[in-house]
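> Each chain is listed here by its residues.
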Amino acid sequence: MLQISCPWCGPRDEIEFRCGGQSHVIRPGPPEEVDDATWGRYLSEKINPRGDHLERWLHAAGCRRWFNVARDTATHRIRAVYHMVEAAPAIGDEGSAR
Amino acid sequence: MSQPFRLAAGGLIDRGRPLSFRFEGRDYRGYAGDTLASALLANGVRLVGRSFKYHRPRGILGFGPEESNALMQLGTGARAAPNLRATEIRLHDGLEAKAVNCWPNVRFDVGGVNNLLSRFLAAGFYYKTFMWPHWHVYEGVIRRAAGLGKAPKAADPDRYENRFAHCDVLVVGSGPAGLAAARAAAGTGQRVILAEQDHVLGGRLRWDGGEIDGLAADRWADEAIAALGAMPNVRILPNTAVTGYFDHDALAMIEAVSGDDPAAPAQLPRYRQWQVRAGRVVLAAGAIERPLVFPGNDRPGVMLASAVRHYLARYGVRAGNRAVIFTNNDEAYRTAIAFHAAGGTVAAVVDTRADVDPAVAASVETLGIRLLRGASVVATRGAKALRDVAVRRADGGTLRLACDLLAMSGGSNPNVGLFSQSGGRLAFDEQLTAFRPAQSVQNERSVGAAAGLRTLDEALASGHAAGAGDGAAPRATDAHPAAEITACWRIDAPGKAFVDMQNDVSADDIGLAARESYRSVEHLKRYTTLGMASDQGKTSNVNALAIMAGLTGQGIAETGTTRFRFPFVPVALGAFAGRAHGELLRPLRRLALHDRHVALGAIMEDYGWLRPSAYPRAGETRFEAEQREARAVRDGVGIFDGSPLGKIEVRGPDAARLLDFIYASTMSTLKVGKVRYGLMLNELGVVIDDGVCARLGEDHFLVGASSAGADRIAAWLEEWLQCEFVDHDVLVAPVTTSWSVVTLTGPHARDLLAEAGASFPLGPEAFPHMSFQEGMVAGIEARVMRVSYTGETSYEINVPTGRTAELWDVLMRLGGRYGLTPIGIDAWNLLRLEKGYLHIGADTDGTTTPLNIGWDHVLRRKGDFVGKRSLMLALHRDPARLQFVGLRAEGTEPLPIGAHLVRGKGADRASDGFVTSSAYSPVFGRGVALALVHGGTGRIGETVALEHDGRRLTATIAQPTLYDPEGARLNG
Chain V
1 MLQISCPWCG PRDEIEFRCG GQSHVIRPGP PEEVDDATWG RYLSEKINPR GDHLERWLHA
61 AGCRRWFNVA RDTATHRIRA VYHMVEAAPA IGDEGSAR
Chain F
1 MSQPFRLAAG GLIDRGRPLS FRFEGRDYRG YAGDTLASAL LANGVRLVGR SFKYHRPRGI
61 LGFGPEESNA LMQLGTGARA APNLRATEIR LHDGLEAKAV NCWPNVRFDV GGVNNLLSRF
121 LAAGFYYKTF MWPHWHVYEG VIRRAAGLGK APKAADPDRY ENRFAHCDVL VVGSGPAGLA
181 AARAAAGTGQ RVILAEQDHV LGGRLRWDGG EIDGLAADRW ADEAIAALGA MPNVRILPNT
241 AVTGYFDHDA LAMIEAVSGD DPAAPAQLPR YRQWQVRAGR VVLAAGAIER PLVFPGNDRP
301 GVMLASAVRH YLARYGVRAG NRAVIFTNND EAYRTAIAFH AAGGTVAAVV DTRADVDPAV
361 AASVETLGIR LLRGASVVAT RGAKALRDVA VRRADGGTLR LACDLLAMSG GSNPNVGLFS
421 QSGGRLAFDE QLTAFRPAQS VQNERSVGAA AGLRTLDEAL ASGHAAGAGD GAAPRATDAH
481 PAAEITACWR IDAPGKAFVD MQNDVSADDI GLAARESYRS VEHLKRYTTL GMASDQGKTS
541 NVNALAIMAG LTGQGIAETG TTRFRFPFVP VALGAFAGRA HGELLRPLRR LALHDRHVAL
601 GAIMEDYGWL RPSAYPRAGE TRFEAEQREA RAVRDGVGIF DGSPLGKIEV RGPDAARLLD
661 FIYASTMSTL KVGKVRYGLM LNELGVVIDD GVCARLGEDH FLVGASSAGA DRIAAWLEEW
721 LQCEFVDHDV LVAPVTTSWS VVTLTGPHAR DLLAEAGASF PLGPEAFPHM SFQEGMVAGI
781 EARVMRVSYT GETSYEINVP TGRTAELWDV LMRLGGRYGL TPIGIDAWNL LRLEKGYLHI
841 GADTDGTTTP LNIGWDHVLR RKGDFVGKRS LMLALHRDPA RLQFVGLRAE GTEPLPIGAH
901 LVRGKGADRA SDGFVTSSAY SPVFGRGVAL ALVHGGTGRI GETVALEHDG RRLTATIAQP
961 TLYDPEGARL NG
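Residue numbers (this note's numbering), protein chains in the order written: chain V, 1 to 98; chain F, 1 to 972.
The shape of chain F in the complex, shown without the other chains (with noise of 0.2 Å):
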């Protein structure tokens, strides 16, 4: 198939290598080197997308980052990527496009109808028209109506990466100033990073002219470049967009690797996520033109006149036939002269100024192309491409001039986006006519047009200072003078002037703001959307504003602009995930016993590590199999893997000091070789640990903390120590992962214990209830602690980690004869419940005090701990604060959790506590509960009513401790 608009020669494409592509159901050529944009415009396709709200035809505006109308559909199922710009896609064979936001395709499009009813659809319209009965009403179809592409549904199959970089100077694009940068930094034998969003290295040099040292301005990029390369102390990131600068220099970076390119390796990355921390930054991102501001702007056929001389240049395609540009300055002169060189005609140049350089007007004139002084485009005509436009002279009238191209240009904003987003402050340059940086923040500098340099020459010269290098900058031979510019926001002409093409924002709708007073750019941006579409307002932002200062009489510096913000293109959400997600998400960490959970059909489930939740035999249910596992224990004996229980080691002469400190209870008073439970407080008096605390010597203590507070308490002890007690001699060691913790509990632990052999005497005398011994077990370095969460009598033996297996394995062995039965977390929890122990996190929360719980003995205690001048606080010692109770259902089922006990009726009726534990207990035959209850302490046999979700259920409150009250056979 021919492509009508190619060059016959000329462009960075290899027309030894064409390739076929799809858009919007028909194929199409281009060649290698072409991006998406580049082959529809060789092809002649005018007509690329619909706009946003009113589903105007929409054609392709600019040729990078900045495109705003030309959003691709690529890709189908899991693999489907929305909203892509055609100007960035590089087209290959095979590629299958669709326009987003029309339906059934972009030339016929039914929702096309939103245009005849913009009237309606203004900027705020939804808060005005679609209101009654209630904007939900419509808000569906509305949404449906305005949207962009769609994000497929199935997770994305593709691989991310993310990396981290360190170097001397990041240099932000490769054009004049960017590479003279980097060379002359490099040549210092900094560690240089440059990084081109483009996959072509070069900017500007490839496609607007010049030349550089006596060279072509593209020679010169290619030596410079090649010399680079070269380098061991540069990187060179092409397909690698500079996405944020964060604070002390650091930088994201978005590399596309394979990119949407459905024949790169199946190893790479789609994306490679970069975080770089630069020593210093060179900001040489260019400058993106402005389209002007008039009625018909928007269609098919109205280009920014850079991108007309980007595509000759850069892919030999001329995007029309015959051409008018329309300019307030000098430098949209250059694409009349490289459009009529190309063999395309110009039908005029329209410039809005009166008065036009001599020696600029002589550029085209010269060439027989007419030059309208003084002259505005006021209208354009075309159905879905541009058939001509009407142009108002100087003297009042008007004339038509039949074209297919219209090239415009309204002055470049300087790419300031990094700049502002560093902290760096803007400032209005009236000769520019555009924000350039002013003050920086960080260590940054903005070179060349991004510093709102105008010349060839001055962006090689600022490049080159900023890299700080020897020798003398590279010099621009032959370059084209310094543009100049009269500010020209808006054409002042009935019709709909766009202002934000991608959000569809007018300046009408400008002006609609400002009569009602939401005039601060900030609040602009908000009521209208401008500048809030995918392309975060890179051709918009500016007119926007100076529109804005035009109605409000305020100058363009005071109005100011909206704050630039991360990330400055879009960048695919995969990317930030990296590799972590899925099982990579965060580390999972597995138990030393992980593989005999599993042989033995454990329920393994993340509770910070891997544990076993039950272990259902064949044909059991979890329940059937914790209530199981829970009656091996009252009966016989169950073995349990606490080995995430938080082990930490304090010792020191200090050790006792710091830990009457950190606990709610005395701990200095214990005796060598005992064990005490304590609670842990923070500074408001909430419990944040529970656990027990054993004392192996005087100035030697084992810290336990709750499973989930392991690191958590470790940090908590290193905090008041470094910070608060700095004259204390203590260490603090974490051990839990040191040592595993294989607990035996039950009425026979003791026997079985004993058959495994222990190397310290196990009678309830020598070691009873709350008591530590250290020797050997089954032949193991074992610490063993007489404690019980269970009720049941119960030993805690701690083994170093790598003999844990050793250990398991002779106590299952010898364990048969004891109807030894492993139990899960869902039995453990069971187990504690009916004994009415607290579990912190499912009984407590972040307001439950001591005081909630049973402990008001700690307000006698003598001495400051954590917490206790909270806790002295009045509100914490009302009577009818919540406490900490036992719940017996009535009837055989549980209470569910959450649960609340409901006082009063109608407008009084509020809530008197809540479930906090529940289940099912095979030794009552029905639900036991735990509950915190308003002055539940004094209420012990009061029968309640209580509320789940409309359910209505009556309960009896009880002493926490339902089973064994007497502690016979804890104490056993």
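Next comes chain V alone, as it looks inside the complex (with noise of 0.2 Å):
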């Protein structure tokens, strides 16, 4: 059960949000002048590294806001927390313990 600072909320269980997969997906477009496998790629690969991972997380019994959390996937540490518009931000070695 992780905990999750939301933005608008703060920490709050895990239970109260949804995963959204991976954030920073590029759409691509407009339909006509995208090939197939372009397209393909868009809806099935998706990345899964050991390690940092940049998703997106919907505070769903919440505030229902989207947001980014960059998430350690092998140990489940939360090392950033930032809004949609922001970029992906620099991860050093410390974050987050939670």
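No wet-lab data here; the hints were simulated from the structure.
Among the hints, erroneous ones may be present.
[Claimed, not checked] Chain V side only, calculated, beta carbon under 10 Å to chain F, not exhaustive: (1) Met1; (2) Pro28; (3) Leu54; (4) Ala60; (5) Trp66; (6) Val85.
C-beta: ideal position from N, C-alpha, C; glycine also.
Dock chain to chain to rebuild the complex, using the hints, since each chain is given by itself in its own frame.
So, in structure tokens, the structure goes:
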């Protein structure tokens, strides 16, 4: 049970959230100019790193806001929480323990 | 009745409160404060169970959750509780217990024949021996013979609770280290939870002697507990086992509130499951002694040396008259001394080590106890209780020692289960001959014996430090020195030497696994079932992997351990459910008109909301009600509660832009006051919902979602808006429950609505099909949409939910002369089926695109929308793709939903599509259906064969819209 710090509501249990998967995915378009292979990669090829992963979460049972989380997939350490419009932060060796 | 093994004094029991209990049909006496295990030992009961596979007689091994043998069945009927450990069952008056896994009783057990067959039942036997003609022939018999207690068949009548808690420091265990930690942390004002699995706090301080800050250990414990109990920032939870350590310092605990005490007040839950988020965690869970692995080590009367000491001090029970102590370490000498002091005879201390510290040796020899150095127990005898043991001396000679108790000690394993669950890495400590915590991942610290520390002083110091308090740590002023140990993993002698007593895994089974190349600990575990019993290998895992390491020539550290898993102790399933069962499984949503529907005799069913399926009249079946209701709509007027329909307001300068992207249809061209039907797709091009969208104003839309999709679609819009179109100026507000929907449908709908009074014109020109009006209906603020799911003239009247009943009552009162009929979901579905309207989730599935349901024109739409690029893939345009059509059944009987159209013969036989919706149509007097059929659009008029559950059926493919294809009734 992760504890995630919603940028609007503060630290809350994972059960209040929904993970929306990899963040910063660029949607290709317009459709007439996108080839099948590019579209296929957009639909299906998500990265699955061991280590830091940038993903988007929804505070579904709270403020219903989406935001980004940098989470270490091996330790579940959450290294950063940032807004949808923000660029991915540089992650150093230190991060929040949660 | 006498308790021959009860001492005259001592122990935390109340000799003034005798209790009666019954075990295996015989009556016994114990005292308040006893566990079932201590009371059985006090009465001289040695044989308490039969083993899982071989039905070997077994006695009590330990004194806590590690107990692998003394498993009990308590209670009867729905309250029967299987596989409870006698060492953890608090004695109460009238308690009745039975041993598990024996028939007809534990003393005479027919299944004992398995022991004679044991050479056929070695590890993995079921893969090898019982294979002809097939394992399943034997499986039933073997599973009955090899089992544990019996689970009750009736529903659980007990109450369970779930509770959340937060704290700065969670201390697991209330022994010396735990108490020191809790005291230190609490003294600085931090919120502390102290969890102890036992009902008595103090752990080892209650039974292992010592002196702290000048006080006897148990007096010091009393004072520490009293001080903690008086602090408002401390919550002390006895009877509470910490069972799991999850991410971000979330822990699960199970508190036995009434437990299995029938005298407990009925309003108390049996168990309460806690979910705790801790700032940090102090793991003071202690250690568990290991058995030694030698032939006959499972005979009743063979116990852990720590258990013998525990029963003496805690319960005033001496577990035998004449004991042999068998050890590879110094600690067991304390058992010899305590047993001797309690008036028992110690026949010998058998130490596997040739060199014993002179002071340790002297501690027993000065009492006249014989010490055999470099010696091993190599056999035990006694049918149902221990009679004697054979000892191989250092010089190779053997001698027999008569005894009724063998106290064994192979060293101790720190309780690293929770630490390991937290993700921490273990290291094998050669000096300790055990795994101990090495590297933390979370905010936890192991202290005391759980950290592999061996002395009371170290335990107190480590606990105090972990508590991070002020002042000096408590000091042990008189305590035992660190116990030295020399590893001894297996006594080399012929005979069955058990490693995992609960699953009957012997040292030879591990040898077999090694020979057959199941050498990794994870393979060893699964091949032999070692450590997979309800005790989760608490006494067996380290012995097993050390034996495997010896066989493979690898080190123990390299061999490693299997992963420790939640829960640390077995948990009653009811505790996980808590109160979430029956009506409370999830919130039931009731309509504003619920009572009105019930009063009309509706069958209410759970569709996410409790909704009327049909309103059968007296003597009417559900089917007859559906048919009557449907006819009433075709001939007169029906009234339908459509309140669960999803309603989402989308507003802002960019609202139309957003909806153009979300819908497969263009919404920006919709005129104010008009309504348009649309499909929503996901990025795969699959239809995820449908509904009508009304334009209330230039920048204001009301998006209709299906009842099931109401929440999902609102979240879907938000996700696109917040994650992709962050520059759009739009607000999305789900208003589903703010508005109730009462739908009038049928040829007389307009007349009735006019009579009820509407503040806007109702004629077909002023208020045509697919348009919207806002105003007053029957004096109530209303939004009315002329849309239809039945094919008849329909008005969906949205009113504020608080005024629904008012509207309903007016319409029902005025509707009599039009034959107004309430209609349920059944008739509603039938009517839309006749009309060929799609029902998302029934006629579509997770692969259905617009190109399967006749919406090929979306491909010609300019601009982008969700899923468009996927629809452009060639596979979706295949002429042989599934296409949505109607079916007319031959004869009057409806086609079964799910029936397949079949083409080809023999090996070429294949599905040609399937029925998605079907019903008997009163209009057509036969079965009508909707189906997805390969190339169906081009096959209208074709007669096709269907199959379902071996039945063969015939139907004709038709247009989906069977009823009023011209739409005259719809638009009228």
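> All hints, please: hold or fail.
We went through each hint and held it up to the structure:
1. Met1: Holds, about 4 Å.
2. Pro28: Holds, about 8 Å.
3. Leu54: violated, 13 Å
4. Ala60: Holds: closest Cβ of chain F sits about 7 Å from alanine 60 of chain V, inside 10 Å.
5. Trp66: Holds, because the Cβ-Cβ distance from tryptophan 66 of chain V to chain F comes to roughly 4 Å (cut-off 10 Å).
6. Val85: holds, 5 Å
Checked against the numbered hints above, the structure breaks only hint 3 and satisfies the rest.
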